[in-house]
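Colleague: As a plain string of letters, each chain reads:
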Amino acid sequence: MIVKCEDVKKYFSAGRGYAGQRNSVVKAVDGVSLKIEKGAAFGLVGESGSGKTTLGRLILGSLKPDSGRIEVNTDRLNVIFQDPHNSLDPKMKVFDIMAEGLVLTGMKRSLIKDRVGQIVEMVKLPPDSLNKYPHQFSGGQRQRIAIGRAVLTNPEFIVCDEPVSSLDITVQLQILELLKDIRKKLAMTYLFISHDLRVIRFISDRVAVMRHGRIIEEGPASEIYSNPKESYTKTLLDSVPEISIKAK
Amino acid sequence: MGNMVLEVRSLAVRINNHGISNKVLDGVAFEINKGEVFGLVGESGSGKTMTALSILKLLPRSAVIEAGDILFCGENVLTMAEDRLRRIRGGSIAMVFQEPSTSLDPVFTVGYQIKEAVHAHQDLSDMAAKELAIEFLERVHIPEPHRIYQCYPHQLSGGTKQRIMIAMALINKPELLILDEPTTALDVTIQAQILDLLEEIISEEKVSALFISHDLGIISRMCGRVGVMYQGRIVESGLKDLVLAHPKDPYTISLIESTKALSR
Amino acid sequence: MLKNKMVFVSLVFILAILLFAVFAPFIAPYDPARIDADSVLTGPAPDHIFGTDTLGRDVFSRIVYGSRISLSIGFIAVGIAVLIGMFFGSIAGYYGGRIDSAIMRFVDIMLCFPTFFLILAVIAFLDPSIITIMAVIGFTGWMGVARLIRAEILTLKERDFVAVSKIMGASDRWIILRHLIPNAIGPVLVNATLGVGGAILVESALSFLGIGVQPPTPSWGNILMDGKSTLGVAWWLTIFPGLFILFTVLAYNILGAALRDILEPRLN
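Protein chains in written order, with the working numbering: chain A, 1 to 248; chain B, 1 to 264; chain C, 1 to 268.
This is chain A alone, in the form it adopts within the complex:
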């Protein structure tokens, strides 16, 4: 078991009235318990305000919970964020961006060069990418750089926070296939966060549906999608626009 959450809560105070009124509290995460097994692709789906991003940050350790326990049984973890414009330092060359994790561990330069070279191949970036800057790449390619960076630190567990939401659909599919491929080759455990049910369905084997800071339904992906029990889950699934070919 890589991740275990027990009744995790995270509240934010949202603003103060100018007459000294009490802060209004946003219950971003309101009592979440879950387990992510080693090797699993765990999908966390919810709309905006559901708390899924906050939960992701809590598991990553970027935020500390206000109450409850989070157990992460590995220190080999990394993350892929949504916005390829935001997650790469615009002033750094691609090589340095990808190598940063390894540089921080003090690895030898020559070894780093080799590893980066291998990973560039794995994420299917053109070999001359290393000397360029992020702005010279498309959104999809930047996500490949971000994925390469994550994989280079040899993690056991990667949190993917909306990794394909900013991309065109044809590119989304390519990136998802890449992530699936990496999972197979490196036996990766994923926590996959998205608002897009189609994406979660494609990549997860276990799914949790979040709403207003709570998990309202959880189970194997096939179960949740074919046999949802909660009405909110049903509404969510019905709302997804699928291609329909019938007379208009």
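Hints are supplied without guarantee of correctness; some may be wrong.
Result set (SDA-like, lysine to any residue): computed pairs, CA atoms no more than 25 Å apart in a straight line [stated by the list, open to error]: (1) Lys260/B with Glu47/A; (2) Lys93/A with Asn253/C; (3) Lys91/A with Thr74/A; (4) Lys132/A with Asn17/B; (5) Lys91/A with Tyr95/C; (6) Lys57/B with Ala67/B; (7) Lys5/C with Asn253/C; (8) Lys260/B with Ala221/A.
Quick caveat, the hints were computed from the structure, so don't treat them as lab data.
Let chain A serve as the given structure and place chains B and C on it in line with the hints.
Modeller: Then chains B and C, alone, in the frame of chain A:
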């Protein structure tokens, strides 16, 4: 003319920015018949928003229309006088944008803004305009329309704001409604509600519509005929069912396949 | 376009002054300290193109050598200010909370002092040497940089690439030096360029008042001081150094504005 509300012929638009010149539209052509919902589907950079902005001549200053005609009910928008164009914008041609929070002015109540839209195109007293506004707030299924009328944009949810934008677009009884990714910025459950609303109100008002989206699922639900845009051109167009079932263009095929791969 | 021409001219001018400073011994026709009792207060002439001063020293040569003083004081003072400002600004911006408040209060206090009078007071207390001047201008001019860096870092630290570095185990120092400062430096460059102009003005003013660079070391300011008493009879002692100060500061201001346009493009 006759049955065509909109006819776009060989539209070519170029953008010049800091010395770099880019052809964003390269011979776009399509028509929208009276009463139909035409879908324009394409990914980012395909030129679909540029097309919509061209119809109302709302292109950024760095854009140049190099060639083409845009005929709205027979009149060429591109050669129209500025004040005639201004009367058409928001009146006979209305537009709903993607982002409801930036479409509304944060310092005025929504009611005031809807009234403004009415006053710009109809000759009604303030009282009558307000009544009309409330009527349309009801038609877009906003609960407690009188209370919402007094609210400021920041107090309202994205879905509510988008309903208000739709109300503002339809209140002056347009001939053509342009919808540019109207649900993309909304949560998926709200998205479904807004699409329901649009389906209902478009058929009630019998308004012709141009529906722009990157999502084939949404396009296939809302539109009768579609045009697939790629790199500034329409690479395939026709009846939605035909295009989706028997696509000919390689880009269309890849778009459909990617969408299907992520479907049930 | 006119704006581009101005920027080009400014760049050329700055380069020329730089060349003056670096190659002063080759450009100046005379030794700037060379006294010539026969040619006291002569006007511009073929052998002294900017005339001579009260001690018969060639004004042009003194201006050429004076550029060394003005530029070095300008650069080093600004350098000191930028280093101090970056230090305080990045710590305040990155750590926030009480550290931020404390540093910003300190900045506010420093800003309360009328800088020029503070410099006057300090110089009067110490010896007016070139090093003192550089240090004092630097130590009283870092507050703008601190605020700029702090503002940039406040937004930058929320960017995803910072979160990723933290998750990969980067220390605060690494993040500040490797990620935040390189991205925050844009506005600082603008501020620094404008600051060079400002520093040159301050030095000239101090020298003009007699408490800056001391003669015989030539500085544009102290040539002006000479010119003060001889304004009626020797206009060249005032006009020429004055013009050099004017154009140099103007050139740095134009360059600074151009940098601002490049680094912070405004939306059309």
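Colleague: Against this structure, judge whether each hint is valid.
Modeller: Here is what the structure says about each hint:
no. : hint                   : result
1   : Lys260/B with Glu47/A  : 22 Å, holds
2   : Lys93/A with Asn253/C  : 32 Å, violated
3   : Lys91/A with Thr74/A   : 31 Å, violated
4   : Lys132/A with Asn17/B  : 23 Å, holds
5   : Lys91/A with Tyr95/C   : 22 Å, holds
6   : Lys57/B with Ala67/B   : 13 Å, holds
7   : Lys5/C with Asn253/C   : 14 Å, holds
8   : Lys260/B with Ala221/A : 18 Å, holds
Against the hints set out earlier in the document, violations occur for numbers 2, 3.
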